[in-house]
Amino acid sequence: MAEPLISIENLAVSFPARGKAGERNQAVRDVNLAVYPGQTLAVVGESGSGKSVSAMSILQLIPTPPGRYDQGRILWRGGSGTADAAGQHAQGVQNDAVDLLTLNDKAMRTIRGNQIAMIFQEPMTSLNPVYTLGEQIMEAVLLHRKVSRSAARDIAASALRDVGIAAPEQRLKEYPHQLSGGMRQRIMIAMALACQPRLLLADEPTTALDVTIQAQILELLRTLQREKDMGILLITHDLGVVAENADVVAVMFAGRVVEFANVRELFNRPRHPYTRGLLRSMPVLGRRAQRLDTVMDGATIPDDFPEKFVVKPHDPDPSPATPYGGEDARLHEIEPGHWVLCTPKNPQDHSAPAFPRLDYRRAQA
Amino acid sequence: MLSYIVRRLLLLIPTLLGVLAVVFFVMAFSPGGFGGTALTQDGAQSQGEDAKRARKALERRYGLDLPKAAQFGRWINQVSPVGFRMSGDLTFTDDQHAVVEAALSDLEFNTRPARLQQAVAAARTLAGYAGMNAADAGARLRKALSAPAQGVSVLDALDSALTGDELAQLKTELTALEALPTRGAERAQLELLRVVSFEASGRSRIRFDRPAFKAPDLGQTLRGRSVGALLAERIPVTLLLNLLSLPLIYAVAIVSGIYAARYKGGVFDISSGATFLGLWSVPVIWAGVVLITYFANEQYFRWFPAAGLHDVQASSMAFFPSWGEANGSGFERGWLLDALWHLVLPVLCMTYGGFAVMSKVMRGAMLENLSADFVRTARAKGVSERRVLWQHAFRNSVLPLITMVSSILPALFVGAFVVETIFSINGMGKLGVDAAFQKDRELVMATTLMGGVLGLASELIRDVCYAIADPRVSYD
Amino acid sequence: MTKAAPPTESSAAPRSLIGAAALRLLGGWGARAGLSWIGFLVLTAVFAPVVASSHPWVWKVGGQVSSPWLRHLTVTDAVLLLSFGVAVTLLCFRRVAAGRRIAAWAVLTGCLTAAAAAGSAVDLWRERAAGGVPMVFLMVAVLLAAVIGFMALIAVSSAASWRGKAVVGFAGLLLAGGLAAAPIDPPVSVVYSSYREATAAGAVDWQVLAPLAYSPGDYQRDAMSATGIDARLKKPSLAHPLGTDESGADVLSRMIHATRIALAIGLIATGIAVVIGIVVGGLMGYFAGVVDLLGMRLVEVFSAIPVIFLLIMIVAFYGRNLYLMMVILGATGWVGYATFIRAEFLKLRKMDYVQAAHACGVPLWSILFRHMLPNGVTPVLVLASFGIASAILTESTLSFLGLGLVEEPSWGQLLNQARRAGGQWGLTLFPGLAIFLTVFAYNLVGEAMRDALDPKAAGK
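Chains as they are written, first to last, in this note's numbering: chain A, 418 to 782; chain B, 109 to 584; chain C, 15 to 474.
If you are wondering where the hints come from, they were derived from the structure by calculation, not from laboratory data. Fair warning: there could be bad hints in the mix.
Reference listing, derived: stretches of chain C covered by chain B, where coverage requires no fewer than 3 residues with Cβ under 8 Å from a Cβ of chain B [said to hold, decoys possible]:
no.	region
1	72-84
2	189-200
3	301-315
4	398-411
5	443-450
Where a beta carbon is used, it is the ideal one built from N, C-alpha and C, also for glycine.
Work out the full structure, taking the sequences as your base and the hints as a guide.
Here you go:
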């Protein structure tokens, strides 16, 4: 079985609690995720469920302090930018995997924007208003490739062409405020892809855009992924986007992954009460309803849930300490290729839960 | 952009006129009027014939006999580079000069060249006042001088300030002189020429012929010095203080602001924040007095000079400091070091308030930008922390500092009023204060003009700089 | 003209309830420290003649007990002391709401001020020169009118019961009548040395002196002849805690009495500026268009004149007068408030509730002052706090440059003397320290108010 491009294992990140000295809020806990080359892993969840923190942790973009990586590893098998970073392999050697959390800032910078790129949900504010688009795209290229400025400009122009922007040479001289939101998000993508990263972290890339632009941007990402065999970690709370784009889906709630399966399996047979609630709360076009279901309304345990496992129904006031399934709940592969956060009835069963990995890609349409 | 600047410059003119009008009429309607004791009726100096003449000379020079609004118009015309010429501005070409000289030279009394030139000058101002051509003016004056007692009427053409009684008195005097046995006619002619020259002095009337380009004239001080020359002497001093202070303020503010923001909540952040908040409230007058009392005083520490910008012997010093036995004492500080040494305390006084305000602004802007989304983007691109700080966050944080220019520059100008007075530096600020004390209208107006231009120009500079620094702003 | 918003006109922060903001304000140490210092200054200003006076409080001379101190009390002293007494009395009425008590205090103090102003107006009218009405008289008359108008405003806008209003009004009349009837007629010329001479001659049986037995105008000219010691520029000693100035007056006494000028000039000048600024800015913001265009030119003119220079000039040309200084400071300082209120009103006039008020036929003044102003005015308080600080600075700068009042004590004037008298450290350090602390206090309060009104800070 092929190794994933990146695997996050038991990641836990905490922040100091506001107003309470000494206490810390657990932002994410026991997060396990894996992305394979060319695969799109969608991380779904409501605001504050830890999606963004998980993605930012990959690039060590959580400011420390106040944030803190409490435990876990983020194993990267996409290679590193320089030989310098290769020295770090001593720790956690596993098929020449690098634990990104152990890298120092300098080594991390050779990976950021180079091997792993990220695009953010706020295209309006994520570009520096005082620099031209060219300067901002070229900055990444010049940092990671040993090329001249003119070569960097060519790379930037071709990156713009890749994302479907006409007259890229002119655009390079323009400033962010001269573009619409959709265009800016294209620029963000071009900037992220200029260095041909192996993995793209897309943090709600379409949230701020209107629906037609959303579709265009996602289509663009799919095309580019196919061309470059790039892994994508797509963070979203839009289940429609997930259904359209994801190969594998991880549902997060209250800082933990509660369900992990391929997209068909997850949408057809959701097993975890939260996932079921989430799917039930989606309004369906054409169906009349007095009031829409909330997540809580739909949070039920399926009848055919494996008897070996226990999963608790909805906790109205969830905290990272008591998410679904109780304190000792772990991700268990209750069916082949379907992981759910639950507790085995018999401690002997699945005492060592496997990290969820699914080398699955949907059939291309 | 260019059209914007031009438009702004044009809009600047009415504002400037407004500023000048406010100051002018505040002076004009003051109970004592301007000019202090020199013009008051009951002052001890204004007794007697000489004082009366002096007062008249001032009236002529400043056009004080005109209505107040006309006085203002006259002043504006005088400083404006485009405007009507004053009666005294008229100059003769060589040809005209020759014509007039020829007309006057056959008069008996004009035996000496100096007298002839005085007469020609009188004819020139006569031409200026009455709007005659050179030949007519020469002939008119000649006619008057050839029969002095009858020629008194020439004074009417000069728009003389003499009353009817005074004219009559002058006429009797001249008749008496003419009747004198020895050189009576000549003495009468001389007396008339003196009165005519005096009445014509002070280039006091506007000649409403045709507006023309001319050199702006800031007028004369009460003591008769040219205001323009005085400003040319004083402005460089104040400019030096400001040009040293401004970069210093910005440098300190930027460095400390960035450092405080970078290590927010750290020792430097908190201590510099508290220090600057305190410094902000320290009155310049107190700082100046304490510095001058304790650091420029024999009783305590005489580390710095107490007054002026240069040592008495500064002019004989070499420019750069020099060492060696050659100059006896081993070390001579030289002109440059001497000037810097004199500047330490004044510049300190002018800058510390700016540090406080600006570094607070800088810190706030840096904090805001360091948590901005585009900084996160930059970090995700693999940009180093140093580069994030200086290229991304700093570049955006400069914008509020640019806006501050328009308040810092005039504040420095105002600061100069106090600092220059405390440290006895002969700059614009001290000039302004002295001008107000002496009620010297032209000096006060000149200072106002400078201050107003500086204030308005700094706003323009701010907007232009802002447009350059921030691509989002455009004025087209 | 500009596409992007000009950078200076920072948008006002949306504000929360004033009460919550006030609580947050008082929670900060900065505001507490600042307000404590200002409170201390107020006490000092009120009790200045009690604390520092050459006149013995009570003495017995030639078998007769009398109070020279009381005889030399001026109308201003009386008004301040009585007003303070009123404030203390009102503090006892704990059952009445704080706002009502503040309003009552304002009205009663207004009555006292009006009585005093009317008294001096009558005096000035009697003494008027043949040539015409003196300018001071006009100013006093304006002050009188302003005070009466202010009281009327409070009376009309207050929601208190008629009985309450009647009680306060009656008390006010009583106070004003009492003040007018009181035989307050301090001698025009005071011979301070007479007290010391009387003591030295043994004519005094006993006397109770003020804690600091020197009036600010007591130049101790007798000291030279009596003891052969020059009283001028003495360094701090037990008798003169901060030494003496170059005329021989006690520095501490002068500093204590100078608090009045410092506080008055800050409050009154800023008050004038705020009122002008609100009116001009409000009109500009509400009517926009041509009014705004013309108003902005006026704003530009006034912001282009260096205030300190204008003041120097006006004082030089019109003479030294505290009231004139206040008026000028106010008349030139309104620009900041006007631009602020204008920006605020430009925003508010588009608001639905203003449109709704229009649609209901609410009269214009009501829209402007009852609907729009309360929503735009709170941040002006922040500006005003900084404005007071800068007015105090300006006054002391003027006095420092020798353009302040001649006889009246002022911190800046003392500092000016310090420039010439290097050795007297009591003179060098303390007047400046007083200016610094006062300006610092107002700045602290301003900062704290800004933070309290800032919604971003409120969340933390």
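How the hints compare with the structure:
1. 72-84: violated (count 0)
2. 189-200: violated (count 0)
3. 301-315: holds (count 4)
4. 398-411: holds (count 4)
5. 443-450: holds (count 6)
The structure is inconsistent with the numbered hints 1 and 2, although it conforms to all the rest.
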